[in-house]
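All chains should be built: construct the whole structure from the sequences, respecting the hints.
Going down the list, the sequences are from chains A and B.
Anchor point for the first sequence: position 26 equals 26 in the working numbering, and the numbering is continuous, going up by one each time.
Heads up, the working numbering is the position in the second sequence plus 132, with the first residue counted as 1.
Simulated from the structure, these hints should not be mistaken for laboratory data.
Zero decoy hints are in this set.
Pairs of lysine to aspartate or glutamate residues, derived as DMTMM-like cross-links and limited to a Cα-Cα distance of at most 25 Å, are as follows:
no.: 1; chain 1: A; residue 1: K37; chain 2: B; residue 2: E393
no.: 2; chain 1: B; residue 1: K152; chain 2: B; residue 2: E212
no.: 3; chain 1: B; residue 1: K489; chain 2: B; residue 2: E404
no.: 4; chain 1: A; residue 1: K26; chain 2: B; residue 2: D381
no.: 5; chain 1: A; residue 1: K53; chain 2: B; residue 2: D381
no.: 6; chain 1: A; residue 1: K22; chain 2: A; residue 2: E79
no.: 7; chain 1: A; residue 1: K110; chain 2: A; residue 2: D50
no.: 8; chain 1: B; residue 1: K431; chain 2: A; residue 2: E99
no.: 9; chain 1: A; residue 1: K102; chain 2: B; residue 2: D381
no.: 10; chain 1: A; residue 1: K20; chain 2: B; residue 2: D381
no.: 11; chain 1: A; residue 1: K116; chain 2: A; residue 2: D69
no.: 12; chain 1: A; residue 1: K53; chain 2: B; residue 2: E262
no.: 13; chain 1: A; residue 1: K26; chain 2: A; residue 2: E44
no.: 14; chain 1: A; residue 1: K110; chain 2: B; residue 2: E262
no.: 15; chain 1: A; residue 1: K26; chain 2: B; residue 2: E262
no.: 16; chain 1: B; residue 1: K448; chain 2: B; residue 2: E404
no.: 17; chain 1: B; residue 1: K448; chain 2: B; residue 2: D407
no.: 18; chain 1: B; residue 1: K433; chain 2: A; residue 2: E99
no.: 19; chain 1: B; residue 1: K431; chain 2: B; residue 2: E393
no.: 20; chain 1: A; residue 1: K116; chain 2: B; residue 2: E262
no.: 21; chain 1: A; residue 1: K7; chain 2: B; residue 2: E262
no.: 22; chain 1: A; residue 1: K110; chain 2: B; residue 2: D250
no.: 23; chain 1: A; residue 1: K20; chain 2: A; residue 2: E44
Pairwise CB distance ranges, derived in the manner of DEER restraints:
no.: 24; chain 1: B; residue 1: S153; chain 2: A; residue 2: S40; range: 47 to 53 Å
no.: 25; chain 1: A; residue 1: G51; chain 2: B; residue 2: H284; range: 17 to 23 Å
no.: 26; chain 1: A; residue 1: S130; chain 2: B; residue 2: K485; range: 52 to 58 Å
no.: 27; chain 1: A; residue 1: D50; chain 2: B; residue 2: H284; range: 21 to 27 Å
No experiment lies behind these values; they were computed from the predicted model shown.
A virtual CB, placed ideally from N, CA and C, is assigned to each residue, including glycine.
In case you want the letters, here they are:
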Amino acid sequence: MPVPRYKREIPQRYRLEASKCKSCGKVLFPPRLVCPKCGSREFEGVRLSDGGKIVTFTVIRVAPEQFADQTPYVVAVVELGDGVRITAQVVDCRPEEVEIGKPVRLVFRKIQEEGKTGILCYGYKCVLSSLG
Amino acid sequence: MRDVAIIGCGMTKFGELWDKSIRDIFVEASLKAIADAGVDHIDSMWVGNMTAGLFVGQEHIGALMADYLGVAPIPTVRVESACASGGMALRAGFIEVASGMSDIVLVGGVEKMWDGADVTYALSTASDQEYEVYHGVTFPGLYAMIARAHMHRYGTTREQLAQVAVKNHKNGALNPNAQFQREIKVEAVLNSTMVADPLTLLDCSPVTDGAAAAILCPLAAAKRYADVPVRILASAAATDSLALHQRGDITSLRAVKVSAENAFKQANLGPERIDLAEVHDCFTIAEICVIEELGFVEKGKGGEFTEKGYTALDGKIPINPSGGLKAKGHPVGATGVAQVVEVVEQLRGQAGKRQVKGAKVGLTQNMGGSGASSVVHILGVV
Ligand SMILES: [Zn+2]
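Right, here's the structure in full:
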């Protein structure tokens, strides 16, 4: 991954920085320049809610190269407390434990390792909330 | 706006075409279309292609194809909308002829996927790189998440998903250009390798090389070239969020719904008038969601509708008589044009053993990504 891109995405990946529309209150992640709901262009910075529930999920068994050593792994669409939906892995559990509707919280983890000399890429993953 | 007709089409066999290059297959399909139409020149050309850059390391393929087809210096541009590239290329050609800008236009689609590239990665670039792909989701993974949500909400079953593959393989067995010309059983789908739960290998369309082409001209001039000109009754496209998670409802494909509604409005007819449809079954769940959005069946009932045989060749509304992406094959950028080739053959009554009897009006639906692009064409014989 090109370093400029990785660095640019750090506010979202490390710190969950989102933006809230000053006009309609919709929380956007990642931040955008135009609110897709009301068209407003004024926002305030907010931190994404780090708890949510699973909307749907899958178990990836055939992965792209940089994820091949992680298979099988669970990827889910998660709806967070502030209404924002994200795609993230669900980890620290067996795939059979994952169900639609189960509560999860976001944790900071290594996401992928690029090639032999590539940088380590970090970001958010989910764990089932029942695990504490 | 002028009325527009399709006066010729052609395609290569779909499959693993190891001894042919991307330019070979594009030219082969185009020459067939030109011969079929009987035109002596082309004014302009549009090339649907998703990612020759990633698959064969070649960009700028509009000019390349014009050169190798021997039609340079005519204007030619490559059109990209992920797996909807072919359908969007047809739409570009349609607009050009309808506007009066050009008279004879070739629309082609091509993809060469068996040249050794990382296909899983190349296809994943049709989804959101920063917020989906980064987390390890794949294309089958995205459709698997749609499938799980559909099963959870509507009670759609694994067997119903498998029925889509079984039906399309049955049709593909009758299509000499199909990549897979053999029937499969439900058990084979259920027991094949799991790719992304709940989808197995046989729920997924294959990796395919192939090209397809069609020749367009004003309807008023079409009789000069074709005994049975096929009129383009509607061309409509729509978009949605690239990221699946940003859509309000995971089981709905809004771009498909909007493109279909606009197409029906343009053609001034409804889904009940369609005799057959070629739709984007890149995964079995996709066909189920698409037939719901097209209005052939109520939302949530697509699985049951398929299980009852209503979408079979002799059913209420035959879906994917060609074998669809599933059995005919899915050379991504060529698919949208190949769908049109099938509908044209059906409307001309030239579809051989898979002919839908008395077909007068057909529909094609071509989708990009996990549903962020959709383009619908309605074709009819006048
Ligand atoms: Zn707003």
